[in-house]
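Trainee: Sequence:
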Amino acid sequence: MRKLHQRQLLELLETIREAQKLDLYADCQEGTQAMIEFIDQKKGKGTRTVDLLQEYYDLLNQVHIGEINKDLLRKQLYRIETSIKIELKPTKYKALFLPYYDNTWESMRSVYEAFSRDPQFIMLP
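Per our numbering, the sequence shown runs over residues 1 to 125.
Bear in mind the hints are in silico, worked out from the structure with no lab data behind them. Glycine included, every Cβ here is placed at the ideal spot set by N, Cα and C. Some clues are possibly wrong.
[As the list claims (entries may be wrong)] Listed next, with one range per pair, are the computed distances between beta-carbon atoms:
1) Leu98 / Phe38: 49 to 59 angstroms
2) Arg48 / Gln120: 17 to 27 angstroms
3) Asn61 / Leu98: 24 to 34 angstroms
4) Asp118 / Leu10: 32 to 42 angstroms
5) Glu30 / Glu87: 18 to 28 angstroms
6) Asn61 / Ser116: 48 to 58 angstroms
7) Ser110 / Asp23: 52 to 62 angstroms
8) Phe38 / Phe121: 39 to 49 angstroms
9) Glu18 / Arg109: 46 to 56 angstroms
10) Lys70 / Pro119: 43 to 53 angstroms
11) Glu113 / Lys43: 25 to 35 angstroms
12) Arg117 / Asp23: 51 to 61 angstroms
[Said to hold, decoys possible] Think about it this way: if two alpha-carbon atoms lie no more than 27 angstroms apart in a straight line, the pair counts; the simulated DSSO-like pairs of lysine-lysine are:
13) Lys21 / Lys92
14) Lys75 / Lys85
15) Lys3 / Lys92
16) Lys43 / Lys85
17) Lys94 / Lys70
18) Lys85 / Lys21
19) Lys70 / Lys3
20) Lys42 / Lys94
21) Lys21 / Lys75
22) Lys94 / Lys21
23) Lys45 / Lys85
24) Lys3 / Lys42
25) Lys3 / Lys45
26) Lys75 / Lys3
27) Lys43 / Lys92
28) Lys94 / Lys3
29) Lys3 / Lys85
30) Lys89 / Lys3
31) Lys70 / Lys42
32) Lys75 / Lys94
All chains should be modelled from the sequences, with the hints used to inform the complete structure.
Mentor: Now the structure itself:
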């Protein structure tokens, strides 16, 4: 997963948190469902984050009908946020090497070669 995708998920989670404070549970469920579909598409099925989101979706129903307290929702959102940061961390990075002067490129060559061998980095042609 890319850093941009992780950032978008965290932003959507923050929006859901704000909607939850205003008791807009249907909107929270829509956002949760969108996150589940996105993660399943990008990362595949069976992630812990999706399981936590599904639990949150079910908790929203229970809070709406008055079976449980709202505090559980807040705690579940915290678990989801932590899971997104840990489980869905970026797997690839991009690096760009721009020497200030032409003659400084030689000093950066070894660093460039080390990055080019690392599978975690995407080297642009």
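Trainee: All hints are to be evaluated individually against the structure, with a verdict given for each.
Mentor: Status of the hints after comparison with the structure:
1. Range check, Leu98 to Phe38: Cβ separation about 33 angstroms, and the 49 to 59 angstroms hint is violated.
2. For the pair Arg48 and Gln120, the beta carbons lie near 22 angstroms from each other, so the given range of 17 to 27 angstroms is met.
3. The hinted range of 24 to 34 angstroms is not satisfied by Asn61 and Leu98, whose Cβ atoms lie roughly 53 angstroms apart.
4. The given range of 32 to 42 angstroms is broken by Asp118 and Leu10, whose C-beta atoms sit roughly 26 angstroms from each other.
5. Remark: the range hint 18 to 28 angstroms for Glu30 to Glu87 is upheld by a beta-carbon distance near 23 angstroms.
6. For Asn61 paired with Ser116, a C-beta distance near 51 angstroms keeps the hint of 48 to 58 angstroms intact.
7. Between Ser110 and Asp23 the beta carbons are some 58 angstroms apart, a value that agrees with the proposed interval 52 to 62 angstroms.
8. Look at Phe38 against Phe121: about 25 angstroms separates their beta carbons, and that is not inside 39 to 49 angstroms.
9. Take Glu18 and Arg109: their Cβ atoms lie about 49 angstroms apart, and the range 46 to 56 angstroms holds.
10. Here the CB-CB span from Lys70 to Pro119 is close to 44 angstroms, well matched to the stated 43 to 53 angstroms.
11. Between Glu113 and Lys43 the beta carbon distance is about 31 angstroms. The supplied range of 25 to 35 angstroms therefore holds.
12. Range check, Arg117 to Asp23: Cβ separation about 53 angstroms, and the 51 to 61 angstroms hint holds.
13. Distance restraint check for Lys21 and Lys92: the Cα-Cα separation of roughly 35 angstroms exceeds the 27 angstroms cut-off, and the hinted pair is therefore not satisfied.
14. For the hint pairing Lys75 with Lys85, the CA-to-CA distance comes to about 16 angstroms; that is within 27 angstroms, so the pair holds.
15. Between Lys3 and Lys92, the direct Cα distance comes to roughly 8 angstroms. Compliance with the 27 angstroms bound is thereby established for this hinted pair.
16. Of the supplied pair hints, the one linking Lys43 and Lys85 holds, its CA atoms being roughly 14 angstroms apart against a limit of 27 angstroms.
17. A C-alpha spacing of about 41 angstroms is found between Lys94 and Lys70, which places the hinted pair above 27 angstroms, so the restraint is violated.
18. A distance of roughly 22 angstroms separates the Cα atoms of Lys85 and Lys21; the hinted pair therefore holds under the 27 angstroms criterion.
19. Taking the CA atoms of Lys70 and Lys3, the gap is about 31 angstroms. The hint is violated against a cut of 27 angstroms.
20. Note on Lys42 and Lys94: the hinted pairing holds, with a Cα-Cα distance of about 19 angstroms set against a maximum of 27 angstroms.
21. Simply put, Lys21 and Lys75 have alpha-carbon atoms about 13 angstroms apart, close enough for the 27 angstroms limit, and the pair holds.
22. Distance check on the hinted pair: Lys94 and Lys21 sit about 37 angstroms apart at the alpha-carbon level, beyond 27 angstroms; violated.
23. Of the pairs offered as hints, the one joining Lys45 and Lys85 holds, with about 18 angstroms between alpha carbons and a cut-off of 27 angstroms not exceeded.
24. For the hint linking Lys3 to Lys42, the alpha-carbon distance of about 12 angstroms falls within 27 angstroms, and the restraint holds.
25. Pair hint Lys3 plus Lys45 holds up; C-alpha atoms about 20 angstroms apart against a cutoff of 27 angstroms.
26. Simply put, Lys75 and Lys3 have alpha-carbon atoms about 24 angstroms apart, close enough for the 27 angstroms limit, and the pair holds.
27. Distance hint between Lys43 and Lys92 is fulfilled; the C-alpha atoms sit about 13 angstroms from each other, no more than 27 angstroms.
28. Between Lys94 and Lys3, the direct Cα distance comes to roughly 10 angstroms. Compliance with the 27 angstroms bound is thereby established for this hinted pair.
29. For the suggested pair Lys3 and Lys85, the alpha carbons sit about 10 angstroms apart, so the restraint of at most 27 angstroms is met.
30. Our distance criterion of 27 angstroms between C-alpha atoms is met by Lys89 and Lys3, whose separation comes to about 7 angstroms.
31. Between Lys70 and Lys42 the CA atoms are separated by roughly 31 angstroms; this puts the pair beyond 27 angstroms, and the hint is violated.
32. Between Lys75 and Lys94, the direct Cα distance comes to roughly 34 angstroms. Violation of the 27 angstroms bound is thereby established for this hinted pair.
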